[in-house]
Structure formats: C-alpha cells, structure tokens
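S.K.: Each chain is listed here by its residues.
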Amino acid sequence: MFNIKISLFANTKKLENKIDSFHDKVIDAAMTFNKAIRIFLAEHRSDEFKKINKQIKQIEHDADMLRRSIESNLYSNNLIPDLRADVLELVENIDKVINRFDEVSYKFYIERPEIPEIYHNRIIELVNQVTECAENMSIASRSFFRDFSLVRDYSQKVYFLEHESDISFGHLKEAIFDSDIPLANKLQLSNLIEEIADVADLAEDCVDELLIFTIKRDI
Amino acid sequence: MEILFFIFLSSGLFLGWSLGANDAANIFGTAVGSKMLKFKTAATIASIFIIIGAVYSGAGASKTLESLGSVNALAGAFMVALSAAISVYWMVRSGISVSTSQAIVGAIVGWNIYSNRPTDIETLNIIASSWVICPILSAVIAFFSYFIVRKLLRHSHIHLLREDCYVRSGLIIIAAFGAYALGANNIANVMGVFVASSPFHDINFHGLTLSSTQILFLIGSISICVGVFTYSQKTIHTIGNNLMYMTPAIAWIVVFSQSVVLFLFASSSLQTFLISHNLPSLPLVPVSSSQAVIGAIMGVGIAKGGRNISWGIIGRIIIGWITTPIIAAGICFISLFFLENVFNQTVYLP
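Same order as they appear, the protein sequences are chains A and B. For the first sequence, the working numbering gives the first residue as 4, with consecutive numbering after it. For the second sequence, the working numbering gives the first residue as 86, with consecutive numbering after it.
Everything labelled a hint here was simulated from the structure, so no lab data went into it. One or more of the hints may lead you astray.
[To be verified] Derived PhoX-like pairs: lysine-lysine, alpha-carbon spacing no greater than 25 Å straight-line: (1) B/Lys389 / B/Lys236; (2) B/Lys120 / A/Lys17; (3) B/Lys148 / A/Lys219; (4) A/Lys16 / B/Lys120; (5) A/Lys54 / A/Lys38; (6) A/Lys17 / B/Lys123; (7) A/Lys99 / A/Lys54; (8) B/Lys123 / A/Lys219; (9) B/Lys319 / A/Lys16; (10) A/Lys53 / A/Lys21; (11) B/Lys123 / B/Lys389.
[What the hints assert, rightly or not] From the derived model, a few chain B residues whose C-beta atoms are all more than 10 Å from chain A: (12) Tyr231; (13) Pro333; (14) Ile335.
[As the list claims (entries may be wrong)] Derived, one-sided and incomplete: chain A residues facing chain B with beta-carbon distance under 7 Å: (15) Thr15; (16) Glu19; (17) Tyr78; (18) Pro84; (19) Asp85; (20) Ile127; (21) Arg149; (22) Asp150; (23) Leu153; (24) Ile215; (25) Phe216; (26) Ile218.
On a predicted model such as this, the values are computed, not experimentally measured, just so you know. From the three backbone atoms N, C-alpha and C, an ideal C-beta is built for every residue, glycine too.
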C-alpha cells in the first residue's frame, strides 16, 4: 500500500552514478575532440583520425543511452518531482554539446578540408577554448547536483571562454577571407570553424538555464 | 438513550468531518501537492496518527474547554457543536481564515450566557491569547528552522537525488507527527463539549484501558479521518494551486513549525516536564492549524527577505479572531432558545 520502497535509496545511488557518468562523457567527448582535431591537422585523414572519430561516436552513443536511462529512471521512480523537468532539460542541453562534438568531428572526416598551416595554431587555440568551455559547463552542471554554490563560479568561466572563443573565431574568419585560397575553400573552412565555435555557444545556453535552475533549487 | 446520544453527537461528528476535510490538508497538503507523497499514503499515515493523538493526548486541551464551560446536557452540547460548525462554514464561505477552536469557544460562551453561568474570564483570556501566540510562535519557529535547514542543505553537499529521498522521508515523519499533534490538539473542538454528557463506560481490552472520554475521542477522530479520506484531496488541490509555490524543503519547514506549535498547545506531559524544569510552558488549548500554517509561511517569507508577506491575510486572521467567536456565540444563543422552547429539549441542567 505505501509507496515507500526500501530500494528507493539503492535506486537513487544507481541514478547518481549514471548522472556522474553522463557528465564524464562530456569531458571525454571534449578531450577526444581536441585530440582528434590536432591529429587531423597533423596527419589529415589518417587511420589514427579514423579511430579517434569512431571513439567520439561511441562516446556520443553511450551518452545517449545514459540520457535515456536517466530520463526514464527519474519518471519511473517519481524522483525530484519539483525539479524533474529542469533536470531533464539540463541533460538534453548537455547532450546537444556532446552531439555537436561528434557532428564536427565527422564533418572533418567526410569533407577532408584543406587547411593551410598558417591557420593551424589559431584553430588549435579555438578548439582549446571551446573544449575547455564544455568541460567547465560539465563541472557547473555536476555542481548543480552536489554543491550548487559552485555553479556560479564555473558558469562565469564558461561565459569568459565563450567570449574568448567568439573573438578567436572572428579573427580566424577574417584571416581566412583575407587570404588567397579559393573561395570554395574559404567557405568550407569558415563553415567548419563556425561549427566548432558553436559548441561554446551551446555550452553558454546550457549554463544560462542552469543558473535559473539553481535559483529554483535553493530553498 | 444510546441512539439519542448518537443523534445529538452527529453535530460533533460533522464538525470532525469538516476538520478532517480542511485542517488535515495543512499537514500533508504541500507534500501531496508537490507530488512528493501520494494522497493515499499521506491520508493513511495522517488518519492513524490523528486517532493515536486524539485518544492518547486529547484530554489536556479538552479540559481547558471544560473549565470554560462544562456543557452538561446532551441537546445543549449538540447545539454548541452545530453552532460552531455553522459559523465555520459561514466564515469559510466569506474567505476568512477561520478556526474551529475559535468557533467552539464562542459557542460555549453563548451556552454559558444562555444558561446564566459565569464564563471563566481567566480561562477565556488564556484561550484568546493562545490564538495570537499560535501564528506568531509558528512564524518564529519557521523563521529559525529556515536558516538551519538552508545551512544544512548548502553545506552538506548531498546529491540532489539523495536530498530528495531525505526530504521525502522527512515529510512522511513530519506528516505523522503533525497528524498526532492535530488529533491531540483539535479533538477537543470536536468532542470536548460532549465529554460531560458522555454515556460510555471505561472498557478494558487485553490490558488496554479506554476511558469513556477516550472512547468519545476515538469516535470523533474517526469522523476526522472520514473527512481526510472523503474531502481533503479537494482542499489539497486548492492549497497546492492557490496559496504559494513551496519547495519540498520549505513544505517540510512549514509543516514542522505548525506541528510543533500544535504539539506545544496539546501535550500535557510536555507541559508537566517544562513546569518541573522551571521553563515557560504554554496552556493546553485547541488552536487553529490553518493559522499556524499561515504563521509558518509568513516566518519563511520574512526569513527570505520579506517576500510572500500578504498583509491582507494577516488582516483576515485578525478579523477571524474577533468575528468567529462572536458569530458562534450569537448563533448558539439563538439556536438554544429555539431548541429549548420550540423542540422542548433540555439544553442545560441546573
């Protein structure tokens, strides 16, 4: 008769682990993506790049599985009824960031863009900013579950890095269109770096909502 | 005699039903409204503990009402309870925060006036001051509890899901405690006036002795439980949708503060303990759980920086303090006149 299950605490522990693993996936995806772009710039479409591209796909797939499991567990165990919708939205937003890492990496694999060496350092700088931005978003989100006083600190880092990535993206795009490479290459490169920079925008959107959820989470 | 007794008792049972329908929602309304507890779970826990509270600890507050006016004729008791029920119904319809306690006290005073008996002014003063103390004390407890709970939640670094489990368990425990306190404190409103004319005898069941008053309280508390199961769900939805948004942790604070206040005004063993240790104690008086809840919400509102304070609600409480007993006394006086002269019933014994 009573809906008080002894196993409630055990189920909660399992779900806590899943949420932690889901956040780990963001960091995995960000670091693997960073490594993938460096390999692509160094070796172009090598076997190593092929392998790492597959790795990102696997991370994205695992994250999707975890997301579905988290969502269904929250509903089936009737957990955090007041914040459930917020947590689901948060998980969806984080998943978009992981998906974007996979999409961009796959685009590099399919399109095989010719990138002049003079842009390599700037692309690496942009990728560093974007991946760091995603990592900080993940830490901010993790803090929301355990120590929400830290959410603001990590969110601030996300905002800073997003702004930096915007500047890097602008300079890089300017440099590409000022160069003598064919227009088709310019457009292709511009499009690719725009997609890389988009990851930081997605992380920023996620953190914007996270800060609102944090206000609701405080009593 | 027995059948007649139950007919006359019906007004008390009706009062019990309305108490269950309205006041029980104060205990678990927020928990059910925020979907932290299922209605059936909450109602079952509440019912069990209302009965335990009423039968085990209901006597203290009831004695205070008796000292205000011992209604010694069954028909008189019937009319006192009915007048209180009518006043409550009337005031609720007018949107005024009303307490069964205020109505029953007014009705007893009405009976005293009709039967030419002196009203113990000292007891009346104690009762009236307890109505003012009740929401204020509840606000003070909620104010301090808010800071303690907030500090605990902020610094314990518990995972959100685990915190949810703890708050859920806390709500179940506090709903049980709140129901116990409600039963102990408010059974006097429902059955207090019938104590003097109770026809029951003490019974002994496997070593468990129930006095005639306790049997009366058992019947009254069952009527409260019927109110809980049949109508409180509707009240809960009203509270959940209209009153204010509360996080489960704040819901816990509100119910905790209200329950502590009801318990302080109901527990004779706690009173004895406080007096024996030279600590300030509170009189055993039936108080309003609704006003305790409103006080607690105000306390949390002040703790959060003055938000959620509606002076309109405070105004309506004060109107309730004054008008409810006066209306109940007036209705009781007039109805006793009709009952005695038109229906030839004995409404008081000389």
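S.K.: For every hint, state whether the structure bears it out.
M.R.: Hints, one by one, checked against the model:
1. Note on B/Lys389 and B/Lys236: the hinted pairing holds, with a Cα-Cα distance of about 13 Å set against a maximum of 25 Å.
2. As the CA atoms of B/Lys120 and A/Lys17 are separated by approximately 22 Å, the hinted pair is consistent with the 25 Å bound.
3. With a CA separation close to 46 Å, the supplied pair B/Lys148 and A/Lys219 exceeds the 25 Å bound.
4. A C-alpha spacing of about 21 Å is found between A/Lys16 and B/Lys120, which places the hinted pair at or below 25 Å, so the restraint holds.
5. This hinted pair checks out: A/Lys54 and A/Lys38 have alpha carbons roughly 11 Å apart, not beyond 25 Å.
6. Straight-line distance between C-alpha atoms of A/Lys17 and B/Lys123 comes to about 23 Å, which keeps the hinted pair within the 25 Å bound.
7. Simply put, A/Lys99 and A/Lys54 have alpha-carbon atoms about 22 Å apart, close enough for the 25 Å limit, and the pair holds.
8. With a C-alpha separation of about 23 Å, the suggested pair B/Lys123 and A/Lys219 falls inside the 25 Å cut-off, and the hint holds.
9. For the hint pairing B/Lys319 with A/Lys16, the CA-to-CA distance comes to about 35 Å; that exceeds 25 Å, so the pair is violated.
10. Among the hinted pairs, A/Lys53 with A/Lys21 is inconsistent with the structure: their alpha-carbon atoms are about 28 Å apart, more than 25 Å.
11. Distance hint between B/Lys123 and B/Lys389 is unfulfilled; the C-alpha atoms sit about 29 Å from each other, more than 25 Å.
12. At the 10 Å boundary, the C-beta of B/Tyr231 falls inside the reach of chain A, the nearest C-beta of that chain being 7 Å off.
13. At roughly 6 Å, the least C-beta separation between B/Pro333 and chain A is not larger than 10 Å, which violates its mark as non-interface.
14. Remark: the non-interface label on B/Ile335 conflicts with the geometry, its nearest Cβ contact in chain A lying 6 Å away (cut-off 10 Å).
15. Annotation: A/Thr15 was flagged as interfacial toward chain B, and the flag holds, the nearest CB pair being 5 Å apart, inside 7 Å.
16. The interface hint given for A/Glu19 holds, since its Cβ lies 5 Å from the closest Cβ of chain B, which is under the 7 Å cut-off.
17. Hint on A/Tyr78 is violated. Least Cβ distance to chain B is approximately 11 Å, over the 7 Å limit.
18. Hint on A/Pro84 holds. Least Cβ distance to chain B is approximately 4 Å, under the 7 Å limit.
19. For A/Asp85, the shortest C-beta to C-beta distance to chain B is roughly 6 Å, which falls under 7 Å, so the interface hint holds.
20. The criterion of a C-beta within 7 Å of any C-beta in chain B is not met by A/Ile127, whose closest approach is roughly 36 Å, and the hint is violated.
21. Of the supplied interface hints, the one on A/Arg149 holds, with its beta-carbon coming within about 5 Å of a beta-carbon of chain B, less than 7 Å.
22. With its C-beta approaching chain B no nearer than about 5 Å, A/Asp150 sits inside the 7 Å limit, and its interface hint holds.
23. Hint status for A/Leu153: violated, given a least beta-carbon distance of 10 Å to chain B, over 7 Å.
24. At about 14 Å, the closest approach between the beta carbon of A/Ile215 and any beta carbon in chain B exceeds 7 Å, and the interface hint on this residue is violated.
25. The interface hint given for A/Phe216 is violated, since its Cβ lies 10 Å from the closest Cβ of chain B, which is over the 7 Å cut-off.
26. Proximity of A/Ile218 to chain B is violated relative to the hint, the smallest CB-CB distance being about 11 Å (cut-off 7 Å).
Taken one by one, the earlier hints fail for this structure at numbers 3, 9, 10, 11, 12, 13, 14, 17, 20, 23, 24, 25, 26, listed in ascending order.
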